[in-house]
Amino acid sequence: MNVADKLNIFTQAVMNEATIRRNEKLSGAEEELKLSYAEEKKRLRLNEELRLKNERSQIEYRENSEIITASREAKKTLIAERAALIGNIGGNVVKKLSDFSASPHYTEHMMKNIKKCIEEYGNIEVTLSRKDENLAKDVEALTGAAPKFYDADYIGGFTALVKSKNVIIDNTFRRSLYERMEDFNPFKII
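The numbering of the sequence shown is the working numbering, which starts it at 1470 and goes up by one.
Hints are computed from structural coordinates only; laboratory data are not their basis. Treat the hints with care, since some could be wrong.
Said to hold, decoys possible - The list that follows gives simulated cross-link-like pairs (lysine-lysine, BS3-like), each with its CA atoms no further than 25 Å apart: (1) K1522 x K1510; (2) K1584 x K1510; (3) K1522 x K1511; (4) K1522 x K1544; (5) K1584 x K1606; (6) K1565 x K1585; (7) K1564 x K1581.
As the list claims (entries may be wrong) - Okay, the calculated beta carbon distance ranges per label pair: (8) K1581 x A1614: 16 to 24 Å; (9) K1606 x V1563: 55 to 63 Å; (10) E1529 x K1565: 34 to 42 Å; (11) K1503 x A1482: 29 to 37 Å; (12) E1518 x N1557: 25 to 33 Å; (13) S1567 x E1535: 41 to 49 Å; (14) K1585 x F1653: 27 to 35 Å; (15) V1563 x E1529: 46 to 54 Å; (16) V1563 x R1525: 52 to 60 Å.
Where is the CB? At the ideal position from N, CA and C, for every residue including glycine.
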């Protein structure tokens, strides 16, 4: 074998070696490129999913905000309508109670309730509204003591003080009306 053949064999071996290394590097680079491409594709897909999720969340938030706002406005409207209705009903009831307190049945009603208090509690001290001064003699005849008068309008009815038990009985139409109206209070704790 001469030098040229040896050089050819050596060159061929180096070329084969270089080709193998080049192929290895190319396949490694190709693998890295595939992995990099797969990772980038995955990252882009996750970013897109995150963007869509955020957009959905923003849309849901806007829709929920609109629903909440509409719900609040509806509640405000209902509360205002309820208050107006209760005010109208209360006004009508006050008028009817005032009319009743001007009728002859009112005196009978008052005397019956005062008798009931006397039977239940014994000696009582009655307080009437100034507009019921005409009942003073009847009340004094029942209780044995002159009634006291209060400047506030009870709409009708009376309060009674039971000194022996330190109890005040509020039998006024105003208190009864306010208790019934409180039943319509939407914020009342049951």
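Hints and how they fare:
1. K1522 x K1510: Status holds; Cα separation ~18 Å.
2. K1584 x K1510: violated (93 Å)
3. K1522 x K1511: Within the cut-off at roughly 16 Å; holds.
4. K1522 x K1544: Violated, at roughly 32 Å.
5. K1584 x K1606: holds (14 Å)
6. K1565 x K1585: holds (24 Å)
7. K1564 x K1581: Roughly 22 Å separates the two Cα atoms, so the pair holds.
8. K1581 x A1614: 16 to 24 Å: holds (19 Å)
9. K1606 x V1563: 55 to 63 Å: violated (27 Å)
10. E1529 x K1565: 34 to 42 Å: Because 52 Å falls outside the window, the suggested range is violated.
11. K1503 x A1482: 29 to 37 Å: holds (31 Å)
12. E1518 x N1557: 25 to 33 Å: 57 Å Cβ-Cβ, so the 25 to 33 Å window is violated.
13. S1567 x E1535: 41 to 49 Å: holds (47 Å)
14. K1585 x F1653: 27 to 35 Å: holds (28 Å)
15. V1563 x E1529: 46 to 54 Å: Holds - the Cβ-Cβ distance for V1563 and E1529, about 49 Å, lies within 46 to 54 Å.
16. V1563 x R1525: 52 to 60 Å: Roughly 55 Å apart at Cβ, these two residues keep to the hinted range, so it holds.
Figure legend: structure checked against the earlier numbered hints; hints not met, in rising order: 2, 4, 9, 10, 12.
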